[in-house]
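There are 2 protein chains.
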Amino acid sequence: MNAEGVKGFFASRESLDMEQYLVLDYYLECVGDIETALAHFCSEQSTAQWKRVGVDEDFRPVHAAKVIDYEVTEELEQLSYPVKHSETGKIHACRVTIAHPHCNFGPKIPNLLTAVCGEGTYFTPGVPVVKLMDIHFPDTYLADFEGPKFGIDGLRDILNAHGRPIFFGVVKPNIGLSPEEFSEIAYQSWLGGLDIAKDDEMLADVTWSSIEERAGYLGKARRKAEAETGEPKIYLANITDEVDSLIEKHDVAVRNGANALLINALPVGLSAVRMLSNYTQVPLIGHFPFIASFSRMEKYGIHSKVMTKLQRLAGLDVVIMPGFGDRMMTPEEEVIENVLECTKPMGRIKPCLPVPGGSDSALTLETVYNKVGNVDFGFVPGRGVFGHPMGPKAGAKSIRQAWEAIEQGISIETYAETHPELQAMVDQSALKKQD
Amino acid sequence: MNAEGVKGFFASRESLDMEQYLVLDYYLECVGDIETALAHFCSEQSTAQWKRVGVDEDFRPVHAAKVIDYEVTEELEQLSYPVKHSETGKIHACRVTIAHPHCNFGPKIPNLLTAVCGEGTYFTPGVPVVKLMDIHFPDTYLADFEGPKFGIDGLRDILNAHGRPIFFGVVKPNIGLSPEEFSEIAYQSWLGGLDIAKDDEMLADVTWSSIEERAGYLGKARRKAEAETGEPKIYLANITDEVDSLIEKHDVAVRNGANALLINALPVGLSAVRMLSNYTQVPLIGHFPFIASFSRMEKYGIHSKVMTKLQRLAGLDVVIMPGFGDRMMTPEEEVIENVLECTKPMGRIKPCLPVPGGSDSALTLETVYNKVGNVDFGFVPGRGVFGHPMGPKAGAKSIRQAWEAIEQGISIETYAETHPELQAMVDQSALKKQD
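Those sequence lines, one after another, are chains H and U. Just so we're aligned: the first sequence equals residues 1 to 435 in full-length UniProt numbering. Just so we're aligned: the second sequence equals residues 1 to 435 in full-length UniProt numbering.
Looking at chain H on its own, in the form it has when it is part of the complex (with noise of 0.2 Å):
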C-alpha cells in the first residue's frame, strides 16, 4: 500500500460522525513500517479492495475502518509467540483504537463477530499477534438490541432477595444422579438457604435425565421448598441444545417446573442466545464454556470483557465467569473488569448480575464479597454445598451461615462456634491444609 493507500485508514475523532461507529481496541503486533501495517488492519477488517478497476471511486470515507489513535508501547526482539507471517523488519508493540463504522454489517451480532474478530482480525500482513481487547458501541448502536429482559432487579424481585448476593448452587453429583435423586439434593439446599439450585452446565437433555423428567421433580420440590421456608426459590434449568430445539427446551423445561435457564453462550452462540432472550419468560443465565480457548493468551485472542459485553448484550440476565483465586486462572483485575461490565451504564441495555465463580465454598464468601465491593453478586458454589460433610441442607446453610457474618462483622471462624455447619467448613479446610 501506498503512502495515499494509508491515510485513507486514518482519522481524527473530530472529523467522523461517531454514532455510526463503534470503537475497538486493540493489541497488536506490527512486523515492518507501524502506519503501513495499521493501514492494512484496517483494510483488511472493512474495503481490502477500495475500488473497482478503471473506476474512479473510493468507498473508504463511508466503509473503511479508520484508525482514530494508536500507540507504540514497545519495540519487541521477537513475536510474543511465534506465529508464521508474511512481513520483515523491527517488530512494534501497539494499543490501536479503531472506528469501525457499523452500516458495515448493522445490528447483528454474527456478522459483528465477523468483522471486528473475522479473517481480517487475524490475516492481516504485519500483523500477526492480535488482541481484540474492547469494543464500545454508539447508543444509536445498542438502540437496535434488547439486552436482557430481567435484568438484575428483577431477579431480584422474583426471589425478593434485595440487599444481599443471590446464593446459587450448583447439584453435584452433576452427572449421573436420576432426576428423582437430583430434585431431593436440590430440595435440601433450598431448604437450606440456596436461592437458585442449578444444573451443571455440562447436564442438559440427555437419555437417562430428560429436561422434562427432571424439570418435573424439581418443580415440586421447588414448591414444596418454597412452601416450608416462605421463601421464592429458582430451578434452574440447562437447556443448552442444538439451536433449532432451545425454543421448544424453553417450553418444556418452563412448563414442567423450571423458572429460570441456563445456556452455555459460546457453544449454542451469542446470536442463539439473544433469540431465547427475546423469547423467553423466564431469567436467563449464561455459562462460559469454551471463552477460555480464546481469551486467557495475554496478548492474543479476545480479551473475557468483550464477550462478558456481548454475552449482556445478548439479553443475559445473569452472567456466570471465572471468579478470583489461581484456581480460575484468571488474573484478578481481569475479574474485576469483567464483573464490573455487567453494570456499566450501556445505553438502553439492563444491568446483568455478575457472577464470579469457581470452587467457592462458605469460606471464600468474604473474599469474593470484598473483591467486587458490593452486594450486586451471584455466589455459586458447588462441592462447597453438595460435598459439605453434613449434607446439602447444611452445606447450604454454611453459607448463609457465612453471609450472616459478614453483614455482622464478625470472623467466620468466631461465627462458626456457635454454627455446626460453617464450624464442618472450617474443619474440612483444616484437615486438607494438613495432607
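Treat the hints loosely; a few may be bogus.
Heads up, simulated DSSO-like pairs for lysine-lysine below, C-alpha to C-alpha not over 30 Å straight-line [claimed, not checked]:
1. H:Lys224 / H:Lys299
2. H:Lys51 / U:Lys433
3. H:Lys84 / U:Lys51
4. H:Lys344 / U:Lys84
5. H:Lys224 / U:Lys51
6. U:Lys7 / U:Lys51
7. U:Lys432 / H:Lys51
8. H:Lys84 / U:Lys84
Sample of chain U residues with no beta-carbon within 12 Å of chain H, all distances over it, derived [to be verified]:
9. Ala11
10. Glu74
11. Lys84
12. Ala161
13. Asp205
14. Leu276
15. Glu298
16. Ala314
17. Thr343
18. Gly358
19. Gly387
20. Trp403
21. Glu413
22. Ser429
Keep in mind the hints are simulated off the structure, nothing from the lab. Glycine included, C-beta positions come from ideal geometry on N, C-alpha and C.
Chain U: place on chain H using the hints.
Quick look at chain U alone, frame taken from chain H:
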C-alpha cells in the same frame, strides 16, 4: 484426589466399549504429579464429584472421561505461556488420549463443545495449558448426524465440473458496491470462467445492499452468463445473520436467484450451521472467521482441524479455510491436515470440498494444486480476479489459463506468452517485486 480416586479416571481401551466413547487427543502442560493432574482433567470435564455424601455409589464407570493413553513428551522449565494457576511442582508436557462417554451429552454440537472444550477442559487444577488437538467419533455417534447434503459430488454435478478444481472468486470491492454494480462484475467473472462468484464473508444483508435485491440482480446476471457460456454457474450469497432469521434469509436468497449459500460458521455457531444444513435446498459453504482466535497458538486452544471436522459434521458442503503460504500464517502441515479432514472416511458423513484460500491468483494455483495433491479442492481468489489490471473477466480468464497450463504441463510463464490475461498477472507480479 487420593490414589484410589485417580485410578477411577484411567482405563485400557480394551476394557471399554469404544462405540460409547469419543476419543480426544489433548496437548497438556501438567504441574505437579502427572497422573493426579490427568485424573483431575478427566474429572473436571465429566463427573467432578462422582458420588453423593453418605451414599455408596460411583458414577465413574459409566460417566467418567478416562485416560486411555498418555505420553510425557518433555519436562519444561516453565509453562509455554505465562498462566496464573494454583498448583506447584515440576512441569511436564504431555500428549494424552481420553475416552469420553458420549451419553454425557448426546449427539448435540453445543453439548459436545461444552464437554470437550468447556470449563472442565480449561480450568483443571494442575493443567493451565491445554490444546485440544483432535477428536474421533465412533460410528454410532456419527449415525445421529446428517452431514453435508450435497458434498463434493453434489456440487460437481450442479456445476457439471469434473476432474478439475472448482473456481471460486470473491467479488471485490467487497463492501460498498450497489447490488447492480456488484452483479455486473460478478457477471464479467463468470464470462471469464469462474464457476462460483461469491459474496465476501463480510458482506451480508445490509441496508445499502439487501440480500433480496442483491440475489435478484445476481440471479439475473447468472442466468445470462449461463446462457452465454453454456455452463452452469453459481452465485454464492452470504446469508450470515442472526440465527432466528437464517431460514428466512435462505428462502429470500434462493427465491431471488442465489443457488448456493455462504455462512460464517463460528460467528453463527456450529449448531446454527447444522440447522441450516438440515433445511437447505442448495449447497452450503462455510467461511472461517473467529477460528484463528483459538487455533493459532501452537500449544494452547483448539487445533483448527477439530473445527474442520466439526464443520463437516455440521453439514457444510464446502469448507473455506486459511490456505498455504506465509500470508495466511498457518503452518503448511496444518493446512494439509485441514484439507485431508474434508475427505477422510467419517462414517456415513459425506466428504466436503476443502478451499484453502488467501491472496490467491493465477500465479498461486499450481502451488496450491501441488500441495493438495489432487483436483478435489476449491480455489478462491479475490483481488486476483477482481483486481486484475484488465478487469474481472480477464482476471477469471487468467485463472482458467493457469489451469490449462498446469493440465498441459506447460510453465505458467511460457503459457502466458500467448495468453495476455495470464501475461498481465505475470507482469504485475514482476512489477511488485521491483517495488
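Results of checking the hints against the structure:
With a CA separation close to 51 Å, the supplied pair H:Lys224 and H:Lys299 exceeds the 30 Å bound. Restraint check for H:Lys51 and U:Lys433: satisfied, since their Cα atoms lie roughly 23 Å apart, inside the 30 Å limit. Restraint check for H:Lys84 and U:Lys51: the C-alpha separation of about 48 Å exceeds 30 Å, so the hint is violated. The hinted pair formed by H:Lys344 and U:Lys84 meets the criterion: a straight-line CA distance of about 27 Å does not exceed 30 Å.
Proposed proximity of H:Lys224 and U:Lys51 is supported: the alpha carbons are some 25 Å apart, at most 30 Å. For the hint pairing U:Lys7 with U:Lys51, the CA-to-CA distance comes to about 15 Å; that is within 30 Å, so the pair holds. For the suggested pair U:Lys432 and H:Lys51, the alpha carbons sit about 19 Å apart, so the restraint of at most 30 Å is met. Among the hinted pairs, H:Lys84 with U:Lys84 is consistent with the structure: their alpha-carbon atoms are about 27 Å apart, no more than 30 Å.
At the 12 Å boundary, the C-beta of U:Ala11 stays outside the reach of chain H, the nearest C-beta of that chain being 17 Å off. With a cut of 12 Å on Cβ distances, U:Glu74 stays outside the contact zone with chain H, its closest approach being about 16 Å. The non-interface label for U:Lys84 is inconsistent with chain H: the shortest C-beta to C-beta separation is roughly 5 Å, within 12 Å. No Cβ of chain H comes within 12 Å of the Cβ of U:Ala161; the nearest lies about 26 Å off, and the non-interface call holds.
Distance check for U:Asp205 against chain H: the nearest CB is about 8 Å away, which does not clear 12 Å, and the non-interface claim fails. With a minimum CB-CB distance of about 9 Å to chain H, U:Leu276 fails to clear the 12 Å threshold, and the non-interface call is violated. U:Glu298, annotated as away from the interface, has a beta carbon of chain H within 12 Å; the closest lies near 7 Å. Annotated as non-interface, U:Ala314 brings its C-beta within 12 Å of a C-beta of chain H; the closest such distance is 10 Å.
Distance to chain H confirms U:Thr343 as a non-interface residue, since its nearest Cβ pair spans about 23 Å, more than 12 Å. Non-interface call for U:Gly358 relative to chain H: violated, since the shortest CB-CB distance, roughly 7 Å, does not exceed 12 Å. Listed as outside the interface, U:Gly387 is inconsistent with that label: its C-beta sits roughly 5 Å from the nearest C-beta of chain H, within the 12 Å cut-off. Its beta-carbon lying about 22 Å from the closest one in chain H, U:Trp403 satisfies the requirement of being farther than 12 Å from that chain.
No beta-carbon of chain H comes within 12 Å of the beta-carbon of U:Glu413; the shortest separation is about 23 Å. Residue placement check: U:Ser429 keeps its beta carbon more than 12 Å from all beta carbons of chain H (closest about 15 Å).
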